[in-house]
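K.L.:
If you want the building blocks of each chain, they are given just below.
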Amino acid sequence: DGGITQSPKYLFRKEGQNVTLSCEQNLNHDAMYWYRQDPGQGLRLIYYSQIVNDFQKGDIAEGYSVSREKKESFPLTVTSAQKNPTAFYLCASSIPPPGMANQPQHFGDGTRLSIL
Amino acid sequence: AQSVTQPDIHITVSEGASLELRCNYSYGATPYLFWYVQSPGQGLQLLLKYFSGDTLVQGIKGFEAEFKRSQSSFNLRKPSVHWSDAAEYFCAVGPWFGNEKLTFGTGTRLTIIP
Numbered sequence: 001d002g003g004i005t006q007s008p009k010y011l012f013r014k015e016g017q018n019v020t021l022s023c024e025q026n027l028n029h030d031a032m033y034w035y036r037q038d039p040g041q042g043l044r045l046i047y048y049s050q051i052v053n054d055f056q057k058g059d060i061a062e063g064y065s066v067s068r069e070k071k072e073s074f075p076l077t078v079t080s081a082q083k084n085p086t087a088f089y090l091c092a093s094s095i096p097p098p099g100m101a102n103q104p105q106h107f108g109d110g111t112r113l114s115i116l
Numbered sequence: 117a118q119s120v121t122q123p124d125i126h127i128t129v130s131e132g133a134s135l136e137l138r139c140n141y142s143y144g145a146t147p148y149l150f151w152y153v154q155s156p157g158q159g160l161q162l163l164l165k166y167f168s169g170d171t172l173v174q175g176i177k178g179f180e181a182e183f184k185r186s187q188s189s190f191n192l193r194k195p196s197v198h199w200s201d202a203a204e205y206f207c208a209v210g211p212w213f214g215n216e217k218l219t220f221g222t223g224t225r226l227t228i229i230p
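If you read the protein sequences in the order shown, they are chains A and B. Taking the numbering used here, the leading residue of the first sequence gets 1, the next gets one more, and so forth. Taking the numbering used here, the leading residue of the second sequence gets 117, the next gets one more, and so forth.
Where hints are given, some of them may not hold.
Straight-line C-alpha distance at most 20 angstroms; calculated SDA-like pairs for lysine to any residue [unchecked claim]:
(1) B:Lys165 - A:Ala81
(2) B:Lys165 - A:Ile95
(3) B:Lys217 - A:Ser67
(4) B:Lys184 - B:Gln174
Honestly, the hints are just simulated from the structure, not real lab data.
Let the hints inform the model, and build the full structure from the sequences given.
P.N.:
Written as structure tokens, this is what we have:
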């Protein structure tokens, strides 16, 4: 079955450490997104990528980095510069490339990141 | 700037009762509207979407939503809730074209009592 796989489901980070969250999709979607979810704040966009080798900052990109070397993969690195990284991170994807009619986003099951 | 307001943080209803979750949006053009549902520790699942046409849209799990342009609203309804409907519900707004970002509301948590 096609879908979005996020790994790991739970992740722990020590102070000063970078960690990378994995997001893989086999839906052949062009666009991919990373969101951060905190209680009572809904979803906030961190980064998004409309095509391979291109990505844009979202609303809260500081302290995060991404890459999009392959269509199916969009890893998110939470750097030591992100001072409050504890949150639930969701990856999503959608079909169309830029300039085409929008389509709903499909979501993975998330990664919960905690600080040790 | 686009925005979504879900005024109810938490709603409790009895099983079998009707449900309405409110969503108000602000958007500079004709919006593309969505309702998603999230079970604890899970990702978001699309319930329904409104793009154009009939302003009453049907979704999965017996949910429906009505787009009211004059009120900038897109409220979600279900005539009779089931215990399995307990979850968090998110409304989102975005553009018709391209992959510009969606804006999500802060969510409404639904509790079902027997």
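K.L.:
Could you grab the alpha-carbon distance between Lys217 (chain B) and Ser67 (chain A) and see if it respects the 20 angstroms cut-off?
P.N.:
Roughly 18 angstroms between the alpha carbons, so the hint for Lys217 (chain B) and Ser67 (chain A) holds.
K.L.:
Given the hinted pair Lys165 (chain B) and Ala81 (chain A), is their alpha-carbon gap at most 20 angstroms?
P.N.:
Status violated; Cα separation ~37 angstroms.
K.L.:
Going straight from one Cα to the other, do Lys165 (chain B) and Ile95 (chain A) come out at no more than 20 angstroms?
P.N.:
Between Lys165 (chain B) and Ile95 (chain A) the Cα gap is close to 15 angstroms, so the pair holds against 20 angstroms.
K.L.:
Is Lys184 (chain B) within 20 angstroms of Gln174 (chain B), Cα to Cα?
P.N.:
Holds, because 15 angstroms separates the two Cα atoms, which is no more than 20 angstroms.
When held up to the earlier numbered hints, the structure conflicts with hint 1 and nothing else.
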